[in-house]
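> Listed here are the chains, written in short residue letters.
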Amino acid sequence: MKNKILIIIALLVIALLAYNYLYQDHRDIASEEAKFSISPEQIVNAFKTNTRDSEKKFLNQTIELTGSVTESNNKDLTLNHIVFCQFSENHETTLNANIKIKGRCIGYDDLLEQVKLDQCYIIN
Amino acid sequence: MKKIVYLIVLISINIFAQSKYLTKTGTINFEASVPSVEEVKAENNSVTAILNSDNGEFAALVFIKGFRFKNALMEEHFNENYAESDTYPKATFKGKIKNFSKDMLNSKLEFKLDGTLTFHGKTKQINDMVISLNKQDDLISASGNFKVLVSDFDIKIPRIVRDKVSEEVQITYKFDLKKR
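Residue numbers (our numbering), protein chains in the order written: chain A, 1 to 124; chain B, 125 to 304.
With the rest of the complex left out, here is chain B (with noise of 0.2 Å):
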């Protein structure tokens, strides 16, 4: 009897393992700078980033406090008066890839990503984010860029430094999803 309830356990595992592939070390960069006036952005290195090749599911998570800027000054200003990183340590996508198919993956190289990015507190619906994925054997490589407002994510930019922070914020991502 424990013989059989072990099999059925294992088939079931087998049945239900999904193929995810991951990283730890995904890249995002922000660029949020104004021509000629003292670049704003920064990168993060830490992104964790999980996609699910059976449904296209997709997830990632940013800690605020692994944005790296040039100028320490910044990077304090950063946290404490604008991404306010103490009260909202994080930052998290949660979306899904349309129209995903794991066989597409070997052709096909440009998605459309929708999902929900929530920072400092707020959560926006971002739709038909193009994303890109290249599969190499067990490494994905998804990467793109998309565009937000400072204002959508409830951020005040004081008014002594609106000529030199943009109100709009470039952000680009690349992750080697590795599977698991």
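Extracted from the complex, chain A is given alone in its bound form (with noise of 0.2 Å):
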């Protein structure tokens, strides 16, 4: 009998583990600690002088950056001209702010010379 209650109780653990690595949450890019702080310019140049090394070392990556805001939409705005940032809420920003933003960079646009980041939360 208590054998039985044991094996119960270990499937029902098994199953959910198994759930849980099945239907895992995503990722939670505003709890994340930034593992870049840098410049828009420095992120820039780093993809323009060697995409190769820059790509491994920044993409999926949550960085924090500091700039002025040259343009704005509902769910975007791009820092110093350079760097784009994409929102998953509609965020309200002043054109030519100076703020700091985090979000995570999903690569180099070598079409208009920008590096593009998703998922992006204003910090101030």
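Hints are computed from structural coordinates only; laboratory data are not their basis.
Lysine-lysine pairs mimicking DSBU-like chemistry, simulated, CA-CA at most 30 Å apart:
1) 100/A x 302/B
2) 100/A x 194/B
3) 194/B x 57/A
4) 220/B x 48/A
5) 75/A x 144/B
6) 48/A x 303/B
7) 194/B x 56/A
8) 56/A x 246/B
9) 56/A x 165/B
10) 56/A x 280/B
11) 280/B x 57/A
12) 56/A x 248/B
13) 302/B x 75/A
14) 35/A x 214/B
15) 75/A x 194/B
16) 214/B x 75/A
17) 218/B x 75/A
18) 48/A x 246/B
19) 56/A x 218/B
20) 214/B x 48/A
21) 57/A x 218/B
22) 298/B x 75/A
23) 48/A x 75/A
24) 56/A x 214/B
25) 165/B x 75/A
26) 48/A x 302/B
27) 57/A x 214/B
28) 57/A x 246/B
29) 165/B x 57/A
30) 35/A x 194/B
31) 259/B x 75/A
32) 303/B x 75/A
33) 246/B x 298/B
34) 248/B x 48/A
35) 100/A x 214/B
36) 144/B x 48/A
37) 298/B x 48/A
38) 218/B x 48/A
39) 246/B x 222/B
Hey, can you piece these two chains together into the complex? The hints should help.
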């Protein structure tokens, strides 16, 4: 009898673990500690001079950037003309404001010579 | 003398200034689902696309890591095992709209597009892809869909999931291109 209960509990635990593994949560960039804190110019130059190594270093990482807003739309903004930041929610910023944001680097756009970030959040 | 040089430069800039329409937030969806098992699809809202409205040249750049799945584990597997986005972080399309002229934008809606698609380190020529263009003032909406085979891009679906992931991938796109 005791054995049966143990087996059932073990099965339940395994099922729960399997479920949590299969349906794990997405990353939450907002709660992640930024891995790099860098200026817009520094990150763009890094990609321009050595794309391959910069991709290995920055892609998919949470990055913190400070700059001035040079273009602003509902769900995106551009810092210093060279870093394009996308938001999951609408944001409110004013042009030319100096802000600090955190986001995930998804790549260097060589058509526009801009670095792209998604899932951005404004820190201040 | 200096003034003349400036003037010539200015005039030539005007002559060669091309009308480009672009977006940085274009949408691409792909779906490789098999009926009655968990859907395999993702959306990317970070696509850069540029249309040159003088000659119909079209280019798009997609960051693979920008594809978002509903299931986080599926997203991880897509990046690590299928698209290998650490090694191949981008997909690009370069092409030209056939029989394109600026004036046709005001009347015609469907065009045919020839070009090359590069993904996962492999390049494939795609011909006669139908693209709908709808121009309203300074905005051109471009949309369409096409199919590719994962084998065209050297991606192997492991046997264990072969009945859960389709070999044929349906891709749809929508770009709201603004003049600049």
